[in-house]
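Asks: Put chain B on the given structure of chain A with help from the hints.
Listed in order, the protein sequences are those of chains A and B.
If you count the first sequence from 1, position 230 lands on 230 in our numbering, and the numbers rise without skipping.
If you count the second sequence from 1, position 87 lands on 87 in our numbering, and the numbers rise without skipping.
These aren't lab readings, by the way, just hints derived from the structure by calculation.
Certain hints may be false.
Subject to a maximum C-alpha distance of 16 Å in a straight line, what follows is the list of computed EDC-like cross-link-like pairs (lysine to aspartate or glutamate) [unchecked claim]:
| # | chain 1 | residue 1 | chain 2 | residue 2 |
| --- | --- | --- | --- | --- |
| 1 | A | K171 | B | E23 |
| 2 | B | K69 | A | E327 |
| 3 | B | K69 | A | E261 |
| 4 | B | K64 | B | E77 |
| 5 | A | K293 | A | E418 |
| 6 | A | K25 | A | E108 |
| 7 | A | K171 | B | D9 |
| 8 | B | K69 | A | D260 |
| 9 | B | K64 | B | D33 |
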Amino acid sequence: MSVSCSPFSLTDMRGNPHSYPPPTKSVLVFFKDDCPTCDLVMPLIERLHSETTLDVFAPGQTAVGNQAMVQRHELTVPVLDDSDLKMSFAYDIETVPLLIVADAEGGELDRLVGFERTQWRDFFDRHAPQIDVDWNRFPDWRPGCGSLSADPIVNARLRAEAEGRPLRARKLEIAADDDVHEFMFDQGYSDGLPVVPPTAERVLRMLTGTHRDPQQVVATIPPNLAPATVEKIAINAVLAGCTAETLPVVIAAIEAVCTDEFNIHGVTATTMGASPVMVLNGPIRDRIGMNMKLSALGQGTRANATIGRAVRLAVRNIGGARPGGTERSTLGNPMKFTMCFAEWEERSPWEPLHVERGFAADDSVVTVFAMTSGPSLIVDQTSRSGPQLAGSIGLCMESAHHVKAHRSGDALLVISPEHLDTLSRDAYTKQDVRDRIQQVTSKSLRELVADDTSGVGLDAAAAARMSDEKLNRRLPKFATGDNIHIVVAGSEAGKFSGFFHGWASGPMGSMPVSKKIED
Amino acid sequence: MTTILDPTDERVPVQREITPRPESIKGAVALLDIVKPRGEVLLDRLEELLGERLSAVQINRYRKPTFTKPAPEALREEINAANDFVIEALAD
Chain A
1 MSVSCSPFSL TDMRGNPHSY PPPTKSVLVF FKDDCPTCDL VMPLIERLHS ETTLDVFAPG
61 QTAVGNQAMV QRHELTVPVL DDSDLKMSFA YDIETVPLLI VADAEGGELD RLVGFERTQW
121 RDFFDRHAPQ IDVDWNRFPD WRPGCGSLSA DPIVNARLRA EAEGRPLRAR KLEIAADDDV
181 HEFMFDQGYS DGLPVVPPTA ERVLRMLTGT HRDPQQVVAT IPPNLAPATV EKIAINAVLA
241 GCTAETLPVV IAAIEAVCTD EFNIHGVTAT TMGASPVMVL NGPIRDRIGM NMKLSALGQG
301 TRANATIGRA VRLAVRNIGG ARPGGTERST LGNPMKFTMC FAEWEERSPW EPLHVERGFA
361 ADDSVVTVFA MTSGPSLIVD QTSRSGPQLA GSIGLCMESA HHVKAHRSGD ALLVISPEHL
421 DTLSRDAYTK QDVRDRIQQV TSKSLRELVA DDTSGVGLDA AAAARMSDEK LNRRLPKFAT
481 GDNIHIVVAG SEAGKFSGFF HGWASGPMGS MPVSKKIED
Chain B
1 MTTILDPTDE RVPVQREITP RPESIKGAVA LLDIVKPRGE VLLDRLEELL GERLSAVQIN
61 RYRKPTFTKP APEALREEIN AANDFVIEAL AD
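So here's chain B without its partners, still in its complex pose:
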């Protein structure tokens, strides 16, 4: 029998359940631009459409400093604290 040492970080990923899909959209929706080219064009149009269909919903716009790095902790907390939904414009 051979015994080897584990080359990984040995951690078991945390399992998170997906939040149940809400019946209706109420409260605030965050639109997050990861600053890939033309992401803001998509989000502008989404904001317009959401405004037409869900006039009671508040739209908050956010931008990551760069698409090459994960969003800073403070930005993630800010989005989480002030919003009920997040729509993220991913890559180009």
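Here chain A stands alone, though its shape is the one from the complex:
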């Protein structure tokens, strides 16, 4: 009794589906483009297709290679796309070319591996005697080439897929004599600080933090435009030191930074040294132990430190952004290690950030901002009224990027509780704070002209051509009040607020993006 060939359906180069086996005698040929033996036999395969009634199917192992093979030999035989190697794996192929002849019931009649001239001649005599081949033009023997599906790295993934296992990432075995931490530094997985070895056990534990399928692709990460699966994100979350409960935040933050609006490609690449600053709102803050009080923007809290770090490591490891490669910050920026904190919503009479941005108060949300420096401290221990303190904050914020650079884009202002109390004394709202900042920072164009003290500002030659009326026009620091994003955080003690300087803002640069955090 003959062995039955596994049925499949693959598409040809035009996208037309082909089902195998057909109800006729057929030939199945697995090949890969860069195999010289496959190249040698391909004209013979074309003749089997064009000069016999055999149904010929030729699954090729790479999409680009299929195209090249078709062009090189002007093939009309259906060349099928097995670039995911699923069929090559299902047929357990070690070597290409592999030919399988099947009868009309799909039972295997014959098979050939590699090229041995007498075998091929006999094969043609048996199945296609009408074809006249000049066998003297062929070499006696050529070995086949290793099937891509047998490559140890790819094979492990294909096997995991076939068995439905949750983990598909390549396994790296570190010799007993090697130090695993040193290995990870050497491989470039680290941001410069030690990382936690992502063993299968740790990654599986990390994946318990989400209901998502480990193979779900949640984003495409530049610059390599690499698919970020939940599994790959979980591996990087392990590296960063995250707990499983924080994984949904990391996933949402990666979704947010990989939007076209946020533009993580530009944020990472810019010489200005921008970095995502992540702000958390909603009930998840308490559940995962986010710090929004003393030292909220600093070190000492695992959730704050590791969520921001996991996002950065994912951009580095999955997306391929590395300093000196496509990451080209002139000075660098400590926020590129990590920057994630939560808003102390309960301490504030104001609408929290996520509600301002259209979410429900009980939604858990992460908002990402592209910021180039911060927090720049606003030291004001003596203002005693809303207008005075908000004015004072404005004077400090005028320094964002450069004191003479007006019509700036986004800035993130973090108001401390003591400052909030001073502003609240006069019932100052977030909008009042924004208006006051814009008011106190407004300068006439005349005051913003570049001069001997600084070349930044309005071009002196352009100013010389302007009317007095135009030169007297006043320009606030920020393009609009809405560019000033305000949250509350910090300890009860200390009249110190802080702000982050933005990067290129708006659709031509980066815009803040908020994502709801889903379990």
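Replies: Just chain B now, with coordinates in the frame of chain A:
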């Protein structure tokens, strides 16, 4: 022995060979402005000089919508289809 899972995208970058340097400049030259400040000043001057020295060469000017993002696919295809050379004015 410890076994860890690969945190990278596991892809091997495609190796591309640099196109051989041509003997002479013929056909069309694309001048791409990535819209960094004063990039167009440099390209204006280049266009002028190329025009003086290579009068038979056709110069085509292009602009990226923003320097902060990669050039859109359609623009890359357009430049590739219509030109033999590209000169890109990079950062300020």
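Asks: List, from low to high, the hint numbers that the structure doesn't satisfy.
Replies: Hint check: 1 fails alone, others pass.
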